[in-house]
Amino acid sequence: MIAEKYIFAPACVTLPAAVPIQLRITSADSAHGFKIAGVEVKTLPGSVTEVHLRFPAAGKYEFYCDEFCGPGHHAMMGRIVAVPENEFQAHNSGRGVACGQP
Amino acid sequence: MDSLKPTIGIRGVVLLCIAVVIFSELLGLPILRRAIRPAPPPSNLVAAAGAPSLVAWNEATIVLSSTGNPVRGEFISRRCESCHGVEGFSSQASTPNLAGIDAQYLWKELQDFRSAKRRSVIMQQIAGALTSRDAADVAAYFAMLPNAPDAQFNPIFPQTLKDQSAIETAQRLLAVGDPARGIPPCQACHGPLGYVRPAPSLASQNSDYVLRQLNDFASGARTNDVNLPMRTIAAELLPNERQALAEFYGADLARFPVGYVTQ
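Chain order of the listed sequences is A and B. Position in the first sequence (first residue = 1) + 393 = our numbering. Position in the second sequence (first residue = 1) + 45 = our numbering.
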């Protein structure tokens, strides 16, 4: 995942629930934060931040930037949609995929 | 102690180094430092839409794109006038205005046209005739032009706003964006509140062109935004919002920072 002013790419990710997930984030331009479901990390350009997550239940988990990065910082948000593992396996090869319109 | 004397000698060491260099040259290993040369464009201009752009922002490309010679650029720009206008304001709303647009952005677009990373039947041919240095020079020239049109040359900017309700929609998106959908305020990157390079300033851009680009980003027809910001954002924008934004910019309403108070 890439954090840059003022979006996360990909902004909407589908992941399996109740499975250990490793998320690797880097920043393209300035210090950004990444906060989701009680986990909070910072990202910096030139380095990769690894986050280990596990979503206990299926549902939508929103993440946002919590390091002030400019006039668009308040809108720098995305969401992770956790689906049951059998649904996730049926759709793709095992990596998170971007979801469509809300 | 004779057994410990080096048996190769100084001449032997020098010959050994030369042999290593020659051997690695034959193998293609970059042992000797080379001057940075920009990659040549592929001979086949039709590349896949998913092909990587030849523009990677590193020291070489940033220096090249920001140190164009605008005097030489003016000479090169004479061939651009028929579509993009004498003062950088074009005669058709579907052709972009180039006056005052960031030089690095213009350079990147020309490079992407050359490699067919960005598709345009006309621009691919034209950009293919320019070198990287030409592109930097003409980008520097257009970047220097004032972004307020001169009435005697340009008849079409600003365009008339067709739908008054578009103003409120566009103001909200410019000033606040839509955090629920992850849409940042447009004016935070495209000005006039903030500028994130190389996002182009949209304050003096034509409405049809802005709409076309938003639609192309949303559909995936345009893929040369580095790290996918515009594809992500445009896909979240509804079609009526893209229309409202395009008309707002084309009507010259984004000249100063827009404020919006949520009711």
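Hint data in this document are derived by calculation from the structure and do not stem from the laboratory. There could be a bad hint or two in this list.
As the list claims (entries may be wrong) - Label pairs and their calculated CB-CB ranges:
1. A:Gln415 x B:Cys128: 32 to 38 Å
2. A:Ala430 x B:Val306: 54 to 60 Å
3. B:Ala105 x A:Asp422: 14 to 20 Å
4. A:Gln482 x B:Pro284: 32 to 38 Å
As the list claims (entries may be wrong) - Output of the computed footprint for chain A on chain B, the stretches with three or more beta carbons under 8 Å from beta carbons of chain A:
5. 119 to 130
6. 233 to 245
7. 273 to 280
The beta carbon of each residue, even a glycine, is placed where N, CA and C say it ideally should be.
A quick look at each hint next to the structure:
| no. | hint | verdict |
| --- | --- | --- |
| 1 | A:Gln415 x B:Cys128: 32 to 38 Å | 50 Å, violated |
| 2 | A:Ala430 x B:Val306: 54 to 60 Å | 32 Å, violated |
| 3 | B:Ala105 x A:Asp422: 14 to 20 Å | 19 Å, holds |
| 4 | A:Gln482 x B:Pro284: 32 to 38 Å | 34 Å, holds |
| 5 | 119 to 130 | violated (count 0) |
| 6 | 233 to 245 | holds (count 5) |
| 7 | 273 to 280 | holds (count 5) |
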